[in-house]
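Asker: Here is how the chains run, residue by residue.
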Amino acid sequence: MITNLNKPLVGVVLGAILGVFDGATAWFTPEVRPMIGSILVGSSFKGLLTGVLAGAFARKVRSIPMGVGFGLLVGLLLSYLVAAMPSETGKHYYFEIMLPGSLLGAIVGFATQRFGRAPLLRT
Amino acid sequence: MKPLSDQALARLRRAASLPDLSSTRYTLVREAGHGGMGTVYVVRDEELGREVALKVFHIEDEQMRREAQALAKLEHPNIVPLYEFGRLDDGRHYYTMKLVEGARLDEYRAGPATQADRLRLFVSICGAASFAHSRGVLHRDLKPRNIMVGSFGEVLVMDWGLAKPLNEATPTGQVAGTPEYMAPEQARGDPSLDERADVYALGRILAFLCDDPPPKPLRSVSAKACADRRDARYAKASELAADVLRYLDGLPVLAHRETPLEAATRWYRNNRTLLLLIASYAVMRFLIFFWARA
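Protein sequence lines correspond, in order, to chains L and P.
Here this note's numbering is used: the first residue of the first sequence is 1, the next is one more, and so on.
Here this note's numbering is used: the first residue of the second sequence is 1, the next is one more, and so on.
None of these hints come from the bench; they were simulated from the model.
Glycine included, C-beta positions come from ideal geometry on N, C-alpha and C.
Please note that a few of the clues may not be correct.
[Claimed, not checked] Here chain P is said to cover these stretches of chain L; the calculated rule only asks that three of the stretch's residues, wherever they fall, bring their Cβ under 8 angstroms from a Cβ of chain P:
1. 53 to 61
2. 91 to 102
[To be verified] Pulled from the structure, derived: some chain P residues nowhere near chain L, Cβ distances all over 12 angstroms:
3. Pro19
4. Gly33
5. Arg44
6. Val52
7. Gly127
8. Ala232
9. Trp291
Looking at chain P on its own, in the form it has when it is part of the complex (with noise of 0.2 angstroms):
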């Protein structure tokens, strides 16, 4: 018998790996991506005709009973909608959810919108985040790379893969998530985490989303949710997203205390048109009155 070729197996193997949804009302259009808790697919709802996002998952199923179940409890704009949790012929489950088309915020970020059209978007992924804690769930791996910027310029928070419930320890020593975003204290594995620690991720995002030297006010702001102390921090996220809507509505931030000089460029920036139609009048009176005189 003639053994099969690399090529034939690696093939194989990849339709091995494939979900089989024969028992679902979902056919398989592509792979999407996948990470350590699952791989996410594209399929078609037949009976809806509509194309959605099918995770399935490669873990134990608590832990996957929990995502599906944090995802149900948080209908919000900003946070990827859950449609479906089954049950494969193969004995793993799986979620459906909204097939978000768009761009990753770390693809978005290098795109041409400026530092306020993505402050704007900050303070979304705040909100997101704040209505998450606001009912009992702490998303624990808010970096770019889970947010999505649609088409219409909509985010959605996605991958509540690590996500747990606020009153819940985690196990002492039980470290999740991804090092760059993570609080010192989760980095830590320390068992009893709260919002804080999303608003230190969350701190990173705005630096990430910044322009490159960031302004002072906005280093400020996230180097106060980045703080290494969880009590130095903004006590919620939408503390932080406060007083970054502070910064884009041209008034002080109250993670930053400004100089004389820093309050009057500020105001000179904010009124910059009054104060050249103020000069045209005065200037303008003073030509009249030379001209007069003449």
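Okay, chain L solo, but in the shape it has when bound (with noise of 0.2 angstroms):
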């Protein structure tokens, strides 16, 4: 169950299926179709990076509003950063792809508040 996972491992899971079907989603622009398998290893690596950072913010911090923002704000980074690199054609798609990446983001910034197992407290 998601629920014995631990927080970060959570957040990868979720992050690296999240990015493999946002990636997926290339598949319907057709200019970009021809780029589709790097697209693919780009957005998962992406989705990846984001579960385990969102997944450590939650283990320090029990908030959902500031687990979904920290999660909006590194998609929206790290979308930018793949937005920034431009297409064969020398066309930038930031709006394509910095959208649904933030909101990927908060989706794996909420289910890391939400899921996963929370570590235990020192005293």
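Using the supplied hints, reconstruct the complex from the two chains, each of which is provided in its own coordinate frame.
Answerer: In structure tokens:
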């Protein structure tokens, strides 16, 4: 069960799945379809990284709004770095990459707060 | 000689009924309340310089000693602590305990606290009852008037005047308690009362603390705790508390078999934010797709 995993692991698993899914939606944009392989790899790596960071944050801070906000910011930042790289045609897809990327970050941020085993309190 | 007026007589009677504390380290501040078993006063402990509650009994010694002994066994954060037991010059016994500033549970219920806040208090009350049972003590008179909520939200179960050892049978036919909160077997004077009599009272307190109308799962929990047949109730106060905690955690309660629609509603309530985020993502993807085509 997802509640038995620790929070960073929940973030990694969910981030990777959502990253692959998000990358796969590029298939619907014909101009970038030839690059779908590298998009999938890049997107899943971005998801993994967001998951690790959101999971680590959730271990330290227990707050759903803060978790969602943190995930949103990390997703926005990482997808900006991806969007800053031009496509083969030299075009940038800021809007198409950053908006969904930040929302996926928020989803991972929420999930790491809501699910996963929190570390035991030190006494 | 001029006869005394009714007012003067009443004053004299009141003064005569006040406890003589001259042989103790306490001075009287005011009367806090009185019941069938005794009167509680607010007194000042001159040695420690603090105010405490002092209960003077007007019942037979043995029962009073038993109440004090029951309370002395129960050191728990949600049970009012006993400080001292002694005898006044007039022969009456007394004991002192912590003076709890705050509101009675029935007064607290009328305040602005949410149902979730009240349920968390209820879990603490169950904790106190469960602890008492584990020490072999049955309260027998759990009700909102006997529970205080302190100014920091702490809960204290008070008035252990009807408490009795769990392994000791009550004389057949002897009925003690508050009718509204009394289990059927207690009202019948059944000599073999066990912790399920307190579970019944806790079920009534739970119903009192819920919103009106109560949510279905909580109604089922309360109904199970207040079942007429004690075999059908929760066996322990801790089991009742665990079911209420399940409700607070958004999990299904054991007392209520939920329909698929109820399960779906509960899941939706627990995951509203997640669903909202996923829906936003899907809508955004959809819009981007059409925007790119346009």
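Asker: Now, for every hint given, state plainly whether the structure supports it.
Answerer: Comparing the hints with the structure gives:
1. 53 to 61: Coverage by chain P is violated for the region 53 to 61 of chain L (0 residues, Cβ < 8 angstroms).
2. 91 to 102: Holds: 4 residues of the region 91 to 102 of chain L have a Cβ under 8 angstroms from chain P.
3. Pro19: The assertion about Pro19 of chain P holds, with a minimum of 45 angstroms to chain L.
4. Gly33: Non-interface label on Gly33 of chain P holds, nearest chain L Cβ at 40 angstroms vs cutoff 12 angstroms.
5. Arg44: holds, 38 angstroms
6. Val52: holds, 32 angstroms
7. Gly127: Fine: 20 angstroms to the nearest Cβ keeps Gly127 of chain P off the interface.
8. Ala232: holds, 32 angstroms
9. Trp291: violated, 8 angstroms
Hint compliance for this structure: hints 1 and 9 are broken, all remaining hints hold.
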